[in-house]
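J.: Sequence:
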Amino acid sequence: MSTGEVGVDVSDATGSGRAGTPVTAEATAQAEKLMDVLEGFFAAACAQDERLSRRLTVAETIWTAHITDADRSFTIYFDRFPIEFRREADPSAEVLLWGTAQDNVDIWTGHTFLGLSIANRILEYEGPVRKILRIVPMLRPLGHFGNFRELLPKRPS
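Using the numbering used here, you'd call the opening residue of the sequence shown number 326 and step up by one each time.
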């Protein structure tokens, strides 16, 4: 049994991620690309639309997402401005989410909604996730600051 930084069991009997999803090279590459896009997105959004970006801090929380099939995590600090993005789990995070790389990509590209993914048990969570859900609509107008198209599968020519 493996325990994460916050004392939460993050493995099953097979030793894979919390949801029992085996780690793959493809998912790891997808997770790295997602984190590249998110890092650029938050930096650009905070620099170019300070008013709307500051409104995101109303969440007053730290969110860590664990990408179960890539053995990767990232943390978004909605408790400060500028909003910080780090490629690591933060043991002080109040909101924790677990999902596959594809589940995370689907949420950030708008193919599915965070609330529905939680309700349908696609993502697992701990903590006051409502703090994140209340600011999700404010992220959409900032979407043009991120190169989220990079995350979409390439269409054959």
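Just so you know, these hints were derived from the structure itself, not from any lab. A couple of the hints might just be wrong.
Claimed, not checked - DEER-style ranges, computed between Cβ atoms:
id, residue 1, residue 2, range
1, P407, T349, 32 to 38 angstroms
2, T349, E475, 15 to 21 angstroms
3, V383, A354, 17 to 23 angstroms
4, R405, L458, 16 to 22 angstroms
5, R465, F406, 29 to 35 angstroms
6, D404, A350, 32 to 38 angstroms
7, T437, R459, 31 to 37 angstroms
Unchecked claim - Distance condition first, Cα-Cα at most 20 angstroms in a straight line; then the derived SDA-like pairs of lysine to any residue:
id, residue 1, residue 2
8, K456, D396
9, K358, E385
10, K456, R474
11, K358, D374
12, K358, D404
Positions of the beta carbon are idealized from the N, C-alpha and C atoms, including for glycine.
J.: Looking only at beta-carbon atoms, does the pair T437, R459 fall within the given range of 31 to 37 angstroms?
T.: For R459 against T437, whose Cβ atoms are near 18 angstroms apart, the range 31 to 37 angstroms is violated.
J.: With a cut-off of 20 angstroms on the C-alpha distance, tell me whether K358 and D374 pass.
T.: 24 angstroms, violated
J.: Looking only at beta-carbon atoms, does the pair D404, A350 fall within the given range of 32 to 38 angstroms?
T.: 34 angstroms, holds
J.: If I claimed the Cβ atoms of T349 and E475 lie 15 to 21 angstroms apart, would that claim hold in this structure?
T.: For E475 against T349, whose Cβ atoms are near 20 angstroms apart, the range 15 to 21 angstroms holds.
J.: Run the distance test for K358 versus E385: straight-line Cα separation, threshold 20 angstroms.
T.: Answer violated: K358 to E385 is near 27 angstroms, above 20 angstroms.
J.: Given the hint that K358 pairs with D404, test it: the Cα-Cα distance must not exceed 20 angstroms.
T.: 25 angstroms, violated
J.: Against the 20 angstroms threshold, does the CA-CA distance of K456 and D396 hold or violate the hint?
T.: With a Cα-Cα distance of about 25 angstroms, the restraint between K456 and D396 is violated, given a limit of 20 angstroms.
J.: Taking the Cβ atom of V383 and the Cβ atom of A354, is their distance within the range 17 to 23 angstroms?
T.: Since the Cβ atoms of V383 and A354 sit about 34 angstroms apart, the hinted range of 17 to 23 angstroms is violated.
J.: Range first: 16 to 22 angstroms. Now tell me if the beta carbons of R405 and L458 are that far apart.
T.: 20 angstroms, holds
J.: Regarding the pair K456 and R474, is the alpha-carbon distance no greater than 20 angstroms?
T.: Roughly 27 angstroms separates the two Cα atoms, so the pair is violated.
J.: Does 29 to 35 angstroms hold as the CB distance between R465 and F406, or does it fail?
T.: Because 19 angstroms falls outside the window, the suggested range is violated.
J.: Does the Cβ-Cβ separation between P407 and T349 fall within 32 to 38 angstroms?
T.: 33 angstroms, holds
In summary, the numbered hints that this structure violates are 3, 5, 7, 8, 9, 10, 11, 12.
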